[in-house]
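A.B. asks: With the working numbering, the residue at position 352 of the sequence shown is 360, and numbering never jumps.
None of these hints come from the bench; they were simulated from the model. The hints are all genuine.
What follows is a set of in silico ranges between Cβ atoms, one per label pair, in the way DEER data are often shown:
#1 466 <-> 242: 49 to 57 Å
#2 404 <-> 371: 24 to 32 Å
#3 420 <-> 280: 54 to 62 Å
#4 135 <-> 238: 42 to 50 Å
#5 374 <-> 217: 33 to 41 Å
#6 280 <-> 333: 18 to 26 Å
Restricting the straight-line Cα-Cα distance to at most 27 Å, the calculated cross-link-like pairs of lysine-lysine (BS3-like) are:
#7 441 <-> 301
#8 277 <-> 354
#9 376 <-> 449
Model, not experiment: these values are computed from the prediction. Even glycine gets a Cβ: it sits at the ideal position worked out from N, Cα and C.
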Amino acid sequence: MYLTKFKAKWWYPILSLVLSLFTFPQTTEAKISSDQPNILFFLVDDLGRHQVGCYGSSFYETPNIDQLAKDGMRFDHAYAAAAVCSPTRASIMTGKYPARLHLTDYIPGHKPKRRLVTPKMQQGLPLEEVTLAESLKAAGYATGHFGKWHLNHDKKYEPGRPGDPGSQGFDDVFTTHKPRAGPPSKYKNDWHHVREITERSLAFFEANKDRPFFCYVTHNSIHDPEIEKPELIEKYNRKKGAQKNGVLNPRQGAMLETLDQSFGQLMQKLRDLKLEENTLVVFFSDNGQLGPKVGAPLRGSKGDLYEGGIRMPLILRWPAVIQSNTTCDEVVISNDFFPTFTELAKASSSSGVDGISLVSLFRQPDQKLNRESVFWHFPHYHGSGLGPQGAIRHGKYKLIEWFEKSVFDEAEAFELYDLEKDRGERQNLASEKPKITNQLKQELQDWRSKVNAQMMTKTQ
Numbered sequence: 009m010y011l012t013k014f015k016a017k018w019w020y021p022i023l024s025l026v027l028s029l030f031t032f033p034q035t036t037e038a039k040i041s042s043d044q045p046n047i048l049f050f051l052v053d054d055l056g057r058h059q060v061g062c063y064g065s066s067f068y069e070t071p072n073i074d075q076l077a078k079d080g081m082r083f084d085h086a087y088a089a090a091a092v093c094s095p096t097r098a099s100i101m102t103g104k105y106p107a108r109l110h111l112t113d114y115i116p117g118h119k120p121k122r123r124l125v126t127p128k129m130q131q132g133l134p135l136e137e138v139t140l141a142e143s144l145k146a147a148g149y150a151t152g153h154f155g156k157w158h159l160n161h162d163k164k165y166e167p168g169r170p171g172d173p174g175s176q177g178f179d180d181v182f183t184t185h186k187p188r189a190g191p192p193s194k195y196k197n198d199w200h201h202v203r204e205i206t207e208r209s210l211a212f213f214e215a216n217k218d219r220p221f222f223c224y225v226t227h228n229s230i231h232d233p234e235i236e237k238p239e240l241i242e243k244y245n246r247k248k249g250a251q252k253n254g255v256l257n258p259r260q261g262a263m264l265e266t267l268d269q270s271f272g273q274l275m276q277k278l279r280d281l282k283l284e285e286n287t288l289v290v291f292f293s294d295n296g297q298l299g300p301k302v303g304a305p306l307r308g309s310k311g312d313l314y315e316g317g318i319r320m321p322l323i324l325r326w327p328a329v330i331q332s333n334t335t336c337d338e339v340v341i342s343n344d345f346f347p348t349f350t351e352l353a354k355a356s357s358s359s360g361v362d363g364i365s366l367v368s369l370f371r372q373p374d375q376k377l378n379r380e381s382v383f384w385h386f387p388h389y390h391g392s393g394l395g396p397q398g399a400i401r402h403g404k405y406k407l408i409e410w411f412e413k414s415v416f417d418e419a420e421a422f423e424l425y426d427l428e429k430d431r432g433e434r435q436n437l438a439s440e441k442p443k444i445t446n447q448l449k450q451e452l453q454d455w456r457s458k459v460n461a462q463m464m465t466k467t468q
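Model the full assembly from the supplied sequences, consistent with the hints where possible.
C.D. replies: Next comes the structure, spelled out in structure tokens:
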């Protein structure tokens, strides 16, 4: 079902403000089924999975996030659809691969003059796309967006402006910026608006406790600039292995501790309101750590299609359905959130969705999804990455294509890894296993044609 969008009018901000002050009774036709769960989606910016305690970190302290894993399900093979923020966020909102949307880099991206010319991508999530918030809203959910958006052509957010969250299905909206990029927090020492985002989210819980809600909490932290309280940074400076701009980054450690405390406040509020039993809580990151490429145990970082750039921490908690302290080894990707949430909400989906619902995994984490491969497409240059690239994961094998080499038919254009034996991607099997390499190469090319992916061209 396609949903009609309202064009921005001069009176829209006023009407939105007035409507937000009231909770209207539902009509008989719109009456909500009691088994529609609330959804809290907690999205972190630039967090590597190795930075979370339940994924093996002893340096970073994330007790509240770790408790979520003990109470729910932790995914070992969860991926972001991109190694940078805007395209991953677009995949969450639409259930579609960024390549299909022609939104494959952070907005606005940059176009350095090198061997290949970057295609002209979408400078914002198209208004004709049916978003997750719109689908849930049509099913009777209250929808709230609190924090970073980064899916419009710029960040001059204002109520009712096309492309901002309010025009994409969110009723209650609070947009923020990273430090020095926009209006500062009203609170002292709240550089990344963590306190403001948290308080708005808590108020949203309270205001909508008697109806299903979708609360999208999307932090700017731990994205740079890396600013936190000096005494908290010093705490991590004293830890073994601490190194500025390293894998064990004291400033990121301090920022992550503040973020973990915010998450703990949200969980406590759900308990206080007796909402936790029927609330699906999702913890996820949009891409890997901004840091060195030689991470452990995964290779790479933000901007890479090596595992460190795209393999994310994903934890789901829903006490009424998901068994505590479980692990799922199925390969999942950020496109999957859209069909998962719309199924739970009994909401209409849109056409062309690439994701697969994860609901079947909630009770049976060892069940297999009906999907052979997942894909990535990054026809851009990025300051923190290693160049234009594409990738496919098929079963235990992963193929990476380097466009600067493949376009010119040069050697070493492809890398093949067996992720079961080599999750750190150290042993390139492309020449040793040419049959598998050629099979995945063809599958990757066929997928790009299927989704009408934009390609780079040679510099004239």
